[in-house]
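> These protein sequence lines map, in sequence, to chains A and G.
Per UniProt numbering, the very first residue in the first sequence carries number 1; after that it's consecutive.
Per UniProt numbering, the very first residue in the second sequence carries number 1; after that it's consecutive.
Keep in mind that the hints are not guaranteed to be accurate.
[Unchecked claim] Distance condition first, Cα-Cα at most 25 Å in a straight line; then the derived SDA-like pairs of lysine to any residue:
id, chain 1, residue 1, chain 2, residue 2
1, A, K196, G, L240
2, A, K36, A, S137
3, G, K248, G, P188
4, G, K47, G, L3
5, A, K144, A, G133
6, A, K101, G, R6
7, A, K97, G, T21
8, A, K97, G, G160
9, G, K248, A, A2
10, G, K146, A, T190
11, G, K146, G, T230
[Claimed, not checked] Computed far set for chain A versus chain G, every beta-carbon distance over 10 Å:
id, residue
12, V22
13, Y26
14, I32
15, G40
16, M59
17, L121
18, H126
19, V135
20, S137
21, G138
22, T142
23, A168
24, V217
[Unchecked claim] A partial selection of chain G residues facing chain A, derived with a Cβ cut-off under 7 Å:
id, residue
25, M19
26, E99
27, G212
28, L240
29, G247
If you are wondering where the hints come from, they were derived from the structure by calculation, not from laboratory data.
Ideal Cβ positions, reconstructed from N, Cα and C, are used throughout, including at glycine.
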Amino acid sequence: MARTVWDSTVGKKTVMAVSGIVMLLYLVAHMIGNLKIFFGAGEFNHYAHWLRTVGEPFMHEEWTLWIVRVVLVVAVIAHAVSAYQLSRRDLRARPDKYVHKKARTSYATRTMRWGGVILALFIVWHLLDLTTGTVHSGGFETGKPYQNVVDTFSTWYGNVIYIVAMLAVGLHIRHGFWSAAQTLGVGSRTRDRALKTIAHALALLLTAGFLAVPVGVMTGVVS
Amino acid sequence: MKLNLRVWRQKNADADGAMSTYEVDGISPDMSFLEMLDTLNEELILKGEDPVAFDHDCREGICGACSLVINGDAHGPERTTTCQLHMRSFEDGDTIDVEPWRASAFPVVKDLVVDRSAFDRIIQAGGYITAPTGSAPEAHATPVPKPDADLAFEHAECIGCGACVAACPNGAAMLFTSAKVNHLNVLPQGAPERETRVLDMVAQMDEEGFGGCTLAGECATACPKGIPLTSITGMNREWLRATRRAGKR
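Chain A extracted, bound-state conformation (with noise of 0.2 Å):
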C-alpha cells in the first residue's frame, strides 16, 4: 500500500495534505504560546521552560519537545520532498507555454511553490536565530527567550525577514487549507464555503498573531 501511495500523484498530494496539517496544527500552537509575551518577561521565559518539562515525570526532561521535533522534521521533509517531485513532474508535463498568456489562478496558488521555498529558508534562519543562537544578533542566552525575542525584532533585517515570512505563511495556508481538504475528499460543493471560510480565517488569525510579536516590539509594547 504505501508504494502505491507513494508512486500515484495522487498519493503523493496526501502525503503533503497530512503533512501540512500535522505543521498548520503545529503553527496554531506556537502562535497562541507566542503570544504569553505580552504578558511579561516572567510568563514568558516560565513557558518556554515548562515547554521542555512537559510530561514530567512521565517524561524526562526534553522528551516530549523532542518528539515534537521529530515529528516536525518528518513532516517537513515528507511535504518538501513529495512537492519538489511533484513540480518537477508539473513543469515536465508543460514543457511548452502559451505564446498567449494570461495569468488567473489566485495570489495565493500562484506563490504556493516559491512560497515554500521561502518559508524553508526562513525555518532555517529561525532555527539559528532563535533556537541554536548562532545568526542572533545581540548576546544570545539559553532560557532568556523574551529578550533573544526583543533582541531580533530590534534589528530592521529580523524585522524584514520575519514579516515577509509571515505573510507568505497566510498565502500558503490560504491556498494550502483548502487544497488539502480537496486531497483527502473532505470537500464537497455543500462545505466549499465553509472550507475557504476556515482556511482564509486560519490565515488571517496565524498572521496577525505572529506578526504580533515584532509589532510589539517595534512599538515597543514589548521591551
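Given the coordinates of chain A, assemble chain G onto it according to the supplied hints.
Structure of chain G alone, referenced to chain A:
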C-alpha cells in the same frame, strides 16, 4: 468583420513551430470559429498554401473533437466548445491568437492538431463496466436513486475534449479522469470495478505523463460541459477508499 489571426503552424510532430499571421476579411458575426477558419483555409488553398490543420467533427458541441486555445483560453472566451463559439464574441479588427492544446501527454501532430490518445488509454484502464452483451436490459431492473443518477449524469457529460488538460498549469488530466471515475463509481452498474477502476485509471493517468493537481481550478473554468472542480475531490475520496481496501486484502 476583418480579423488578424496569429495561428500556430507546425509542419509535423518533429518540426519546430511558430506563430504565423493571417488576415481574414468578410467574416460574418454569425459564423462559428471553425467556419471562420474554413474561410481562412479556402483562401490559403486558392493561394496554393498549406491549409491550417485543426480537429473537428460533429460541430454541434457533443463529440469533443474540436480543441484550440483561443487568446489563451481553451475553447475561447465563451464557456462552450470551439465549434459552438461564434464570431460575435469578437470585435471587428481584433487580433486573435490560436494555439494547440499544450501538454507533453498531448503531442502536436500538425499545426493545431494534437494526439489525445492518452485519454483513450485512461479509458481502457478502467472507464468501462462489465456487462453482458445483447439486447438492452430492462431499465427498471437496477434501480438508481435520483441523486445518484443526477450526479452520474453530470459527470457523464464529459466529452473528453481535453480542455481541462490544456487549461491546467500542470497539464493534469485530473478533471477528465475524475469525471469518468465518478460517472461510473456512483452507479450500481459500476460497483463491481469500483476500486480497481479508480486505482487503474489514476495509475494510467500518471503513466501518460500528465501533471498533478494543484487545485488551481483552471480546468473547471475551461470545461465546456461544466464538470465541477469537486469532481476531483470525489475522485481523491474514491482513490483513498480503494487504497485502504487494497491494503486490507
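> Which hint numbers does the structure go against, in order from smallest to largest?
Per hint list: zero violations.
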